[in-house]
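Asker: Chain by chain, the residues:
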Amino acid sequence: MEKFEFTKEELAVIDEIIAKYPNPQPAVMPVLWMAQDKFGHVEPDVQKLVANTLGLPESHVHGVATFYTQYYKERKGKYVLDVCTSFSCQACGAYDTLHYIEDKLGIKAGDTTEDGMFSIQSVECLGACGYAPMMQITNDIYVNHLTKEKIDTVIEDLKKDKLPEFEPIPLVQNREIAQEK
Amino acid sequence: MSSIDWKSYTPTLIPNIKDYHKIDVYEKHGGYGALKKILKDPSAHTPESVTNAVKDSGLRGRGGAGFNTGLKWSFMPKPDGGPRYIAANGDESEPGTFKDRVIFEYNPHTFIEGSIIAAYAMSVSTVYVYIRGEYRSWIRMMEKAVSDAYEKGYLGKNILGSTFSVDMIVHSGAGAYICGEESSLMESLEGKRGYPRVKPPFPAQKGLWGRPTTINNIESLANVPLIMNKGSEWFKNIGASTHPGPLLYGISGHVNRPGVYEYPTGMLISELINDVALGVRGGKKVKAVIPGGSSTPPLRGDSLEGVRMDSDSLREAGSMLGTAGMCILDEDTDMVDFLWRVSHFYHHESCGQCTPCREGTGWLEKTLLKIKNGEGTTRDLDLLLDICGQMEGRTICALADAAAWPVRYTINRFRDEFEARVKNTVYALA
Ligand SMILES: Cc1cc2nc3c(=O)[nH]c(=O)nc-3n(C[C@H](O)[C@H](O)[C@H](O)COP(=O)(O)O)c2cc1C
Ligand code: SF4
Ligand code: FES
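Chains S and X, in that order, are what the protein sequence lines are. Just add 2 to wherever you are in the first sequence, counting from 1, and you've got my numbering. Just add 240 to wherever you are in the second sequence, counting from 1, and you've got my numbering.
Chain X on its own, in the form it takes in the complex (with noise of 0.2 Å):
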């Protein structure tokens, strides 16, 4: 049974109305009346009351690591005077992720308004827009909208009249999922290879060159307006309590309507399914469902009674929500095949920096792929056991564990599967 009322909900995030993506529709719409409000009229929105307020929604960064935003924002220091910035998070390349992008195209100015938000909440000077190269048709989209914003006077010094000012600037990436990385991302932006750095010191007191920052996911962000215009109230009543609001669910994998659809948070899994995507492609069974991008560990398809899309749940189911990009695999999926091209990918990003990953991810995809083509024994599998726990929580950031994950959580989950694909190990006798 669902608490959760998702049949009458009306999307707010991705609006139901033509042509929002431009400028003046959005505004016809009440678009950038938060920011306007809060210009007018600083004294009775400070930048540390806006920062209450979205610390009190709940809002929770929908990047991946679900810190909640408001108190992220509170982490940077005093001004001093000197530049400030916002690192806006577009690199959205964890496998399964696809849901930044539909903002990009369909409400670009959501984003732009939340950011100038955060940037007047933070006194932050330049917001840079990071989007992975690959984005290239949407990376216009937002250099469009953000040249709208700027002609129209939301971007740009003293905005709306105001004493506020603050620039906006889209950077692409240009093929490198490490830059998603918060200290990786603001290498990449320094315009380096994009090594993420030792922490701390941390974004908000040493971030991008050396000046105090802050990192946030796009769909993070594009929830700023909504909580000014609403109220945090308002927010923290869609959804998982713990966890709540709008949230953007990428689906996909073998269902019949896959794609992103916008739903509270706390969804059960199984309504996502069987009733949002319309059910498993032939009417088959459920195997597997990776809830929130590649790095969080599938969860088995008999397992799923009752495990809502939001942090608390899924710990306890044993997974994560990560970015809500649910893929769903069914009966006939190939567990080894998918785990070896999850290793595959992250031996393909590691940026190389520390050994424990780059060697663990080499190791684990060489491995995976012996087991794959039947070469494996079972001394493989805790072979693989073995080299996640040398990888975990041993490295500068965290895509060692990313890798980590899904190999020591599919073997356990699907033991048998792997096992009926290797060769039993005979060992001497001593």
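Okay, chain S solo, but in the shape it has when bound (with noise of 0.2 Å):
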């Protein structure tokens, strides 16, 4: 059985996360956010880990990482697919988007690829509704503006784990202030 730590250093960060706050309980989202970073999901046994760690009862953090749906309660693959179906991205062709993703993988918006390395979700939006159609990339990188050639190119980098660059914000209002990052 797969056995889920936290090293020293990680332990670490941890306590300087608890500072931020008056008590303990508060570090349950940050450190379940370590938690999934590490190990790509925070299933039960996940979910003691940080219990134990921030001395919470298992219930507690259990609640917690169920009500918020960006924690993986369970597997998922490599890559999620985020696409955005709300009403601003459905007004400009998300579904179509999310139907050519779902048909070009071979699977339905909730299911994972045999191979472990993609799965699909709908989910709501985003704050990204002016670059409709869009997804985020496990729960990570925006890709705005999509069309069946960007998403071509997404997936096939992805396969060879190459993500998509950080696009920043378009502003339109006459502006050249393109920056540096």
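Hints were generated in silico from the structure; no laboratory data involved. A couple of the hints might just be wrong.
Listed next, the in silico DMTMM-like pairs over lysine to aspartate or glutamate satisfying Cα-Cα at most 20 Å (straight line) [what the hints assert, rightly or not]:
id, chain 1, residue 1, chain 2, residue 2
1, X, Lys432, S, Glu60
2, X, Lys446, X, Glu427
3, X, Lys606, X, Asp626
4, X, Lys612, S, Glu116
5, S, Lys22, X, Glu383
6, X, Lys384, S, Asp142
7, X, Lys397, S, Glu12
8, S, Lys161, S, Asp142
9, S, Lys78, S, Asp98
10, X, Lys384, S, Glu169
11, X, Lys384, S, Asp105
12, S, Lys22, X, Asp626
13, X, Lys262, S, Glu11
14, S, Lys75, S, Glu116
15, S, Lys162, X, Glu383
16, S, Lys22, X, Asp407
17, X, Lys432, S, Glu45
18, S, Lys22, X, Glu430
19, X, Lys432, S, Asp17
20, S, Lys106, S, Glu76
21, S, Lys5, S, Glu18
22, S, Lys22, X, Asp388
23, X, Lys258, S, Glu169
24, S, Lys162, S, Asp142
Work from the hints to combine the two standalone chains into their complex.
Answerer: Here it is in structure tokens:
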């Protein structure tokens, strides 16, 4: 069985997180994030690790982990494609985009490919409504203005573990202030 | 005719300055000047006078409810020596809303400076910045900006050599729309599920960890340094008189040039569509405009004349300013589809504490799906309106209202389209 542990260094980071709040309980969300980044999910055994590390009841950590949709309570694909289908994106063809990705990967939203590479999810507004249709990759990078060609490229790249580059928010109000990152 | 001179307007919240997100560039253009001015001469800038300046400016919250920001600050009780908090609301999850993210990316320091000034005005010891978990890239940007501000002595102990100290901590959400509701946000910050609290007590009395707390939207706080630098009068004279100031308009949907634009409040919706966003794609007609996020009632495209983006004008027209996240829907839009999708959102996001909301949002979605699939009857339309009536004003938080309004008003205003999709109900003769 896989063993879930934090390293000494990680425990030191967790102590720093706890210090930001009046008591250890508020650290539960940041530490669940740390755990998910490390293990790829927060299955019950990971929840237990978080509970023990913070000295909280397992039931509390479980309650928190299950309340928030971004915590993966079960294993997902290596890359999770979150396609926004909320109404602004819907109006701009998000369901066509979603179906294109589903057909391409041969799975439906909510599922994971057999090789464990990709999951697809149909998600709520990601706060990028003006750049629709769009998706987010594994809770991180936003990819805007999706076209079939762009989706093809992103998926091919992901198969080689190449993540798309960060796209700055396009400012369209006569602005020439592209910035260095 | 517009009375607002928007064509010559110079953006101030997101100014046209390259690399303004970097602290050195921000400082070079006068950034943190308002804070320095206040802390250099605290007797001339008491917490009360700062609060009053914000109150007098007429700044109203940009998070949706539009409450006077300075007035809200004045609800904080007198300091008793214990901790006090600001929770800056960067949850930004109302569909159609995408403007606070622009502040995180392009002008984080105005927000940070505004928060420090707000903390001074309310004798707050810690500012928690709650940002939705999906904004991971922007959370990183904020963390960098906050750490730069610490390094320069704008945050932490004895800021700029004064007796004032405040900490700022960035906190990531993890995917729950309800955490944008202020009491749910506090629950979430305390490390719990985001169940909204029954009010009263209000956050100023009993907020985070039972201590006095004020919740402000990111954009609201970002306006504060402008008010301090240029004065309440300056601010009051921008845009709509009862709802003044610069405003980040998020325009999405079927327009040629969607995006976030900074203009005065009170812009004509028609100008925003035609001149700012360069018109509807393919030269089509506007069927509907959702003015400020999915909870604000849609306006018919043929009822937009003279309607402005400020709370008075929109109330008169039968909607609300909300977050100023506008979505433009063209004549080909299927309003049944649209409404089903909106209802799906609220059903998905209901926290489930209150029966009218938990059950009501489910029934709304289910009934709309039935109609969408051509299996609805005319009775279902009345059923939908009836469910709305049973949800509105009967719950712990406003999510239930936010779910009911679009249903009620979309059906009322586009009834023909809904009727065309349902089968006539044959009533048995008694
Ligand atoms: C269901 C629900 C969701 C909300 N989501 C947000 C949000 O994402 N961001 C926000 O600033 N305010 C949101 N609000 C409004 C907040 O409760 C609160 O009024 C606001 O953050 C106060 O800031 P302001 O006065 O500066 O606008 C929401 C309210 C409700 C009822
Ligand atoms: S109205 Fe809905 S979201 Fe708000 S507390 Fe009640 S059940 Fe939860
Ligand atoms: S509706 Fe898709 S990002 Fe907002």
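Asker: Take the hints in turn and mark each one as holding or not.
Answerer: A quick look at each hint next to the structure:
Annotation: proposed proximity of Lys432 of chain X to Glu60 of chain S holds, straight-line Cα distance about 13 Å (limit 20 Å). Between Lys446 of chain X and Glu427 of chain X the alpha-carbon distance is near 12 Å, which keeps this suggested pair within the 20 Å criterion. Of the supplied pair hints, the one linking Lys606 of chain X and Asp626 of chain X holds, its CA atoms being roughly 14 Å apart against a limit of 20 Å. For the proposed pair Lys612 of chain X and Glu116 of chain S, the alpha carbon gap of about 33 Å is over 20 Å, so the pair is violated.
Of the supplied pair hints, the one linking Lys22 of chain S and Glu383 of chain X holds, its CA atoms being roughly 13 Å apart against a limit of 20 Å. Of the pairs offered as hints, the one joining Lys384 of chain X and Asp142 of chain S holds, with about 17 Å between alpha carbons and a cut-off of 20 Å not exceeded. Using a Cα cut-off of 20 Å, the hinted pair Lys397 of chain X and Glu12 of chain S is violated, with the two alpha carbons roughly 27 Å apart. Note on Lys161 of chain S and Asp142 of chain S: the hinted pairing holds, with a Cα-Cα distance of about 17 Å set against a maximum of 20 Å.
Between Lys78 of chain S and Asp98 of chain S the CA atoms are separated by roughly 23 Å; this puts the pair beyond 20 Å, and the hint is violated. Taking the CA atoms of Lys384 of chain X and Glu169 of chain S, the gap is about 18 Å. The hint holds against a cut of 20 Å. About 40 Å separates the Cα atoms of Lys384 of chain X and Asp105 of chain S, which puts this hinted pair outside 20 Å; it is violated. As the CA atoms of Lys22 of chain S and Asp626 of chain X are separated by approximately 47 Å, the hinted pair breaks the 20 Å bound.
In summary, the hint linking Lys262 of chain X to Glu11 of chain S is not supported, as the alpha carbons are separated by about 30 Å, beyond the 20 Å threshold. Restraint check for Lys75 of chain S and Glu116 of chain S: the C-alpha separation of about 19 Å stays at or below 20 Å, so the hint holds. The straight-line distance between the Cα atoms of Lys162 of chain S and Glu383 of chain X is roughly 30 Å, outside the 20 Å bound, and the hint therefore fails. With a C-alpha separation of about 9 Å, the suggested pairing of Lys22 of chain S with Asp407 of chain X holds against the 20 Å cut-off.
The hinted pair formed by Lys432 of chain X and Glu45 of chain S meets the criterion: a straight-line CA distance of about 18 Å does not exceed 20 Å. At roughly 12 Å between alpha-carbon atoms, Lys22 of chain S and Glu430 of chain X fall within 20 Å of each other, so this suggested pair holds. For a cut-off of 20 Å, the pair hint linking Lys432 of chain X to Asp17 of chain S stands: about 19 Å separates their Cα positions. At roughly 23 Å between alpha-carbon atoms, Lys106 of chain S and Glu76 of chain S are farther apart than 20 Å, so this suggested pair is violated.
Note on Lys5 of chain S and Glu18 of chain S: the hinted pairing is violated, with a Cα-Cα distance of about 24 Å set against a maximum of 20 Å. For the given pair, Lys22 of chain S sits about 17 Å from Asp388 of chain X by alpha-carbon distance, which is consistent with the 20 Å threshold. For a cut-off of 20 Å, the pair hint linking Lys258 of chain X to Glu169 of chain S stands: about 17 Å separates their Cα positions. Of the supplied pair hints, the one linking Lys162 of chain S and Asp142 of chain S holds, its CA atoms being roughly 18 Å apart against a limit of 20 Å.
Violated hints for the displayed structure, listed by number in ascending order: 4, 7, 9, 11, 12, 13, 15, 20, 21.
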